[in-house]
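Undergrad: These are the residues of each chain, in order.
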Amino acid sequence: MIRLDSLKKTPLYDTHLKYGAKMIEFAGFSMPVQYESILKEHEAVRKNAGLFDVSHMGEIIIEGKDSEKFINYIISNNVAKINDNQAMYSPMCYQNGTTVDDLLVYKFSNEKYMLVVNASNIDKDYNWIDENKNYNIAVKNISNEISELALQGPKSQKILQKMTEYNLDDMKYYHFDKINLDGVNCLISRSGYTGEDGFEIFLKNDYAQPMWEKILAVGKEFGIKPAGLGARDTLRFEAGLPLYGNELSDDITPLEAGLGSFVKLEKDFIGRDALLKQKQDGLKRKIVGFEMIDNGIPRHGYDVCAQGEKIGYVTTGYLSPTLKKNIGMALISSQFANIGNEISIIIRNKPLKAIVTSKNFYKKNYKK
Amino acid sequence: MKILEGLYYSKNHEWVKVEGDKAYVGITDFAQHSLGDIVYAELPEIDTVLNAGDTLGTVESVKAASDVYCPISGKVIEVNQSIADDPSLLNSDPYENWMICVEISDPSELDELMSPEEYSDFCK
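Chains A and D are the protein sequences, given in the same order.
So the first sequence is numbered by my numbering: it starts at 1 and just counts up by one.
So the second sequence is numbered by my numbering: it starts at 1 and just counts up by one.
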């Protein structure tokens, strides 16, 4: 049993209570799972805008002249391909190719980067980075000093533009800048985790609460809603985006998760040899999308069967709020992974029919 | 949180409304509120015989599946099809929208259930 009073709080904890949030334990933090309703928050992000407190996420600064070399040694994507003020998604792997974490690398310069990591993995990532630090660099975990707000949805730019003189039209997808937002120095990136256009705003803890209130006040006329972890999960899932602990883990490689485009085998990095071998040998299992044919909602952890045998398990499943269909992602034996194959999901001891589909259930609306 | 007079309540947050030898069973306002948006409800077959404490069906919110238990023994004589068709009715009016009706086999079991006052204290 987790003691609720031992949980970490973000600077917005009291604000969440004020907005009627239902709080849950997540990654050692007390976080809002929903305010009014997951479905309404989900819909607000798809149609208008939603504001998420993601201050539980971790920020690790890598600084020093070998920063680029070092980061390229610990992540599978190639950070040499991005420019200053650009961000990049990448898995970070163990020697055996399974996944330590998936993260975003923000490049300030060749000598300074920020890694944004999953809340549940902050300490593990920091220790892993520290253990493998055989270059001339300094590593600093600034997670406790920084808050992060995610403003997501088609009206995000209109809302944010009312709070800054910076022309947000100039900011491309996966780029970031230091921006004065309503008098506060923030680092803002055009990125997110919902399949919609949106921004992620990093700022010092002291400014998080007033900024939250200001964005909601400015966003009111655009139909903004505060949104919790519940909607965050249904949104990222519809967009086919992986979640560490579900589609990625220390038991799953990025290749199995279908993230091959973020694995650059032509360069050296931790896990490269194992992943190269996995690719050459052929994947034994893969994450697929599926849609239920029979009536039932698939859930994380349910068994997947075919021809009477267990072939894998559901990594995420929901009644999709946008598509109104029962869909999921599952890690299954590759021989059953072709689109159109029939599989069974075991729901309350009953095998219910489903069909393998693409994981991209929802067409993403990023502004390129 | 709404608690109606004249009903019996279980520790699993079901309510029971007795009419003669029949009992209507549903989930309480507390239960629907804890679950959040209910998107799926699975109900038993007519004529299923349930003992007190048996699973009568499952309700699923956006996030998770939860079993619903039958607080009183009996044979299922009616199921509320409108719940299966529109599970959100359990959110909008959990007391109006019963899930099943059983023919009570042992009325003394009602003594084990809570009164509205006791249930109100239980939820605090």
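One thing to keep in mind: the hints can contain errors.
Claimed, not checked - Only pairs whose alpha carbons sit at most 20 Å apart, straight line, appear in this in silico EDC-like list of lysine to aspartate or glutamate:
1. K350/A - E266/A
2. K367/A - E342/A
3. K158/A - D130/A
4. K325/A - D54/D
5. K310/A - D294/A
6. K63/D - E145/A
7. K8/A - E25/A
8. K279/A - E291/A
9. K367/A - D170/A
10. K284/A - D251/A
11. K124/D - D66/A
12. K124/A - E111/A
13. K220/A - E25/A
14. K324/A - D86/D
15. K324/A - D85/D
16. K279/A - E309/A
17. K325/A - D106/D
18. K158/A - E213/A
19. K133/A - D182/A
20. K368/A - D170/A
21. K350/A - D29/D
22. K22/D - D85/D
23. K350/A - D93/D
24. K9/A - D294/A
25. K65/A - D130/A
26. K11/D - D121/D
27. K2/D - E63/A
28. K350/A - D106/D
29. K75/D - D29/D
30. K63/D - E309/A
31. K279/A - D268/A
32. K63/D - D303/A
33. K81/A - E266/A
34. K63/D - E165/A
35. K353/A - E309/A
36. K22/A - D29/D
37. K40/A - E45/D
38. K40/A - D54/D
39. K63/D - D130/A
Just so you know, the hints here were simulated from the structure itself, not pulled from any lab data.
Undergrad: Each hint should be assessed against the structure and marked as holding or not.
TA: Structure-based check of all given hints:
no. : hint            : verdict
1   : K350/A - E266/A : 46 Å, violated
2   : K367/A - E342/A : 35 Å, violated
3   : K158/A - D130/A : 41 Å, violated
4   : K325/A - D54/D  : 30 Å, violated
5   : K310/A - D294/A : 18 Å, holds
6   : K63/D - E145/A  : 31 Å, violated
7   : K8/A - E25/A    : 9 Å, holds
8   : K279/A - E291/A : 27 Å, violated
9   : K367/A - D170/A : 11 Å, holds
10  : K284/A - D251/A : 13 Å, holds
11  : K124/D - D66/A  : 58 Å, violated
12  : K124/A - E111/A : 23 Å, violated
13  : K220/A - E25/A  : 29 Å, violated
14  : K324/A - D86/D  : 13 Å, holds
15  : K324/A - D85/D  : 14 Å, holds
16  : K279/A - E309/A : 25 Å, violated
17  : K325/A - D106/D : 42 Å, violated
18  : K158/A - E213/A : 17 Å, holds
19  : K133/A - D182/A : 39 Å, violated
20  : K368/A - D170/A : 11 Å, holds
21  : K350/A - D29/D  : 30 Å, violated
22  : K22/D - D85/D   : 24 Å, violated
23  : K350/A - D93/D  : 30 Å, violated
24  : K9/A - D294/A   : 41 Å, violated
25  : K65/A - D130/A  : 16 Å, holds
26  : K11/D - D121/D  : 11 Å, holds
27  : K2/D - E63/A    : 57 Å, violated
28  : K350/A - D106/D : 31 Å, violated
29  : K75/D - D29/D   : 25 Å, violated
30  : K63/D - E309/A  : 28 Å, violated
31  : K279/A - D268/A : 15 Å, holds
32  : K63/D - D303/A  : 18 Å, holds
33  : K81/A - E266/A  : 13 Å, holds
34  : K63/D - E165/A  : 40 Å, violated
35  : K353/A - E309/A : 14 Å, holds
36  : K22/A - D29/D   : 16 Å, holds
37  : K40/A - E45/D   : 33 Å, violated
38  : K40/A - D54/D   : 33 Å, violated
39  : K63/D - D130/A  : 36 Å, violated
Comparing the model with each earlier hint shows violations of hints 1, 2, 3, 4, 6, 8, 11, 12, 13, 16, 17, 19, 21, 22, 23, 24, 27, 28, 29, 30, 34, 37, 38 and 39; every other hint is respected.
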